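As they're listed, the protein sequences go chains A and B. Residue numbers for the first sequence follow numbering that gives the first Met the number 0, beginning at 0 and rising by one. Residue numbers for the second sequence follow numbering that gives the first Met the number 0, beginning at 0 and rising by one.
No lab work stands behind these hints: they were computed from the structure. Bear in mind the structure is a predicted one, so any value in this text is a computation, not a measurement. All clues stand as given, with none of them false.
Which copy? The list can't say, so a pair holds if one copy fits it or any two copies do.
List time: in silico PhoX-like cross-link candidates among lysine-lysine, alpha-carbon distance up to 20 Å:
| # | residue 1 | residue 2 |
| --- | --- | --- |
| 1 | Lys30 | Lys133 |
| 2 | Lys12 | Lys133 |
| 3 | Lys261 | Lys133 |
| 4 | Lys30 | Lys12 |
| 5 | Lys148 | Lys221 |
| 6 | Lys58 | Lys86 |
| 7 | Lys58 | Lys30 |
| 8 | Lys261 | Lys30 |
2 protein chains.
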Amino acid sequence: MSDKVLVYSRFPKAMMARFADRFDLMQTGGKPPAEVFSATELSRVRAIITSGSTLMGAKHMDVLPSLEAIVCYGTGYDGIDLAEAAKRKIAVCNSPAANAASVADIAVTLMLAVTRRLLPADHYVRSGDWAAAKPSPLMSAQAGNVGRKIGVYGMGAIGRKIAARLAAFETEVAYHSRSRHDVPYRYEPDLAALAEWCNVLMIAVRAGPDTHHIIGAEMLRKLGPDGFVVNISRGSVIDQAALVAALADKAIAGAGLDVYEKEPHAPDALTAFPNVVLTPHVGGHTLESHAAMQACVMANLEAFFAGEMLPFPVRVAR
Amino acid sequence: MSDKVLVYSRFPKAMMARFADRFDLMQTGGKPPAEVFSATELSRVRAIITSGSTLMGAKHMDVLPSLEAIVCYGTGYDGIDLAEAAKRKIAVCNSPAANAASVADIAVTLMLAVTRRLLPADHYVRSGDWAAAKPSPLMSAQAGNVGRKIGVYGMGAIGRKIAARLAAFETEVAYHSRSRHDVPYRYEPDLAALAEWCNVLMIAVRAGPDTHHIIGAEMLRKLGPDGFVVNISRGSVIDQAALVAALADKAIAGAGLDVYEKEPHAPDALTAFPNVVLTPHVGGHTLESHAAMQACVMANLEAFFAGEMLPFPVRVAR
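With these hints in hand, go ahead and build the complete structure from the sequences.
Written as structure tokens, this is what we have:
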């Protein structure tokens with residue numbers, strides 16, 4: 000009999016096809032496992048595949064008494080109570096850096112699109128307003144990138160790739176993270192000072208309790224009325240209500256978001272703005288990125304069932 | 000009395016404010032000058048400001064018998080019959096490279112947006128389809144940039160900046176132009192071979208009679224069903240009807256366009272596609288770019304009226 004793996008989050012079937020060939024997948028479809036499987040069935044589960052942002056705390060682990068491995072599809076593991084997992088000797092592993100290029104690309108796409116007003120521009124052409132020479136205040140000339148001050152918050156694999164891409168646009172790049180990295184950009188030890196200095200804040204920090212709502216009203220005000228914020232990390236890093244208020248008050252110029260506080264929901268207050276660009280958490284959603292993430296998930300699961308060392312364990316910096 | 004300058008194309012007033020302070024501007028509003036001014040008034044015009052893509056051939060010059068200087072706002076001068084101007088000893092000057100960064104940025108913005116399906120993605124969020132978990136074939140995973148083959152057609156100031164930006168996305172860049180340049184990208188002496196090799200063709204060639212419709216049905220077919228074309232040069236470089244046909248037949252995957260054959264008109268056949276991103280010729284439309292272009296125009300006009308050498312004459316490679 001093949002090894003059983005519980006698919007804890009809702010994933011499109013195509014993303015799981017490779018694992019279905021190798022393992023006996025128990026699909027929850029994103030529902031609480033106890034609604035889909037019997038307690039007996041769940042009591043035998045030793046490994047799960049989860050999205051990393053799906054909540055997995057003590058009460059969720061209680062339902063899976065034999066759980067030994069939490070395998071995250073993607074780089075994030077912010078939904079998982081790592082201390083609780085450690086207490087129960089449950090290994091947590093992820094797909095580190097597998098999607099970094101793909102996520103960095105979406106970050107830059109959002110930044111370019113929002114600063115150059117791509118969506119209103121496309122609409123101006125498609126609606127016929129351009130042909131009709133209709134005046135459009137949204138089509139006034141905007142600041143370009145040369146000399147633009149880019150603040151990158153987080154200098155992991157994704158932050159580095161965002162910085163490298165944006166530096167090629169003749170911008171000035173500085174960054175903030177817990178510690179200085181060996182990168183050719185100015186280190187700013189204070190996040191608030193970075194927000195004050197920069198024109199565009201690119202959020203690429205790992206999400207967790209210490210970064211929850213760290214970008215709030217005050218930080219957004221520091222960006223100023225010509226400032227932009229782009230988030231490809233997790234929705235929890237930005238206080239979304241404060242962001243909506245900042246956009247409504249024109250305290251900032253615009254935002255590009257791939258992630259939201261309560262996915263897959265982007266509140267109406269946000270979707271009503273013309274000066275935001277919104278993508279449905281597709282940062283890591285490229286063919287290469289899925290292939291790389293799946294390779295990590297597969298390697299983690301294979302090693303687990305073979306009783307070997309997990310190749311991509313989550314190591315938490317203290 | 001201040002020097003008279005005929006504003007030959009239709010420009011927004013704000014773009015002309017700086018010149019209005021210094022010169023006595025005769026505004027045509029984009030109409031034929033003879034409809035707006037008397038023959039006597041036009042017979043005294045020695046200098047014009049034009050967009051470069053506005054047609055200026057023998058019959059247009061006939062209306063301006065005292066014309067000595069054609070000053071293009073922007074880098075392009077494809078509308079101007081240079082041979083005819085030379086015959087009449089009319090100087091032609093432009094704003095070389097002043098908008099290169101701004102145009103290159105739009106080129107990359109269009110490329111990223113069309114390859115990652117930014118517009119359908121934003122619509123998927125705003126429409127509520129994401130929240131409703133509606134299946135969307137347009138949201139399937141796409142190829143990312145790592146290793147993507149980028150063909151840059153034209154290696155002037157704009158082509159170089161496009162190449163430098165896209166190389167930072169971990170792509171492979173090759174280019175075609177009349178001659179090899181001292182740049183760190185592979186030179187491909189044959190345009191058709193470049194189209195065959197690349198996945199994205201970025202058009203940054205100077206428009207003129209020799210490039211008219213050079214990208215037609217055959218060249219587009221070489222890009223293939225996974226291939227994209229991005230044009231920020233001039234609409235005349237692409238056979239627009241062939242492009243519409245290629246999109247309809249799925250002979251290519253998509254297109255990003257800032258320029259069109261008959262601006263400001265983008266045909267309905269083009270605006271109906273979800274896999275195109277269309278901007279209203281805003282490549283050079285940033286604050287810095289306008290400031291730089293205006294500085295060139297001003298320097299050209301000042302020198303002309305002072306009887307000095309024009310600082311930015313158009314020099315035609317033969």
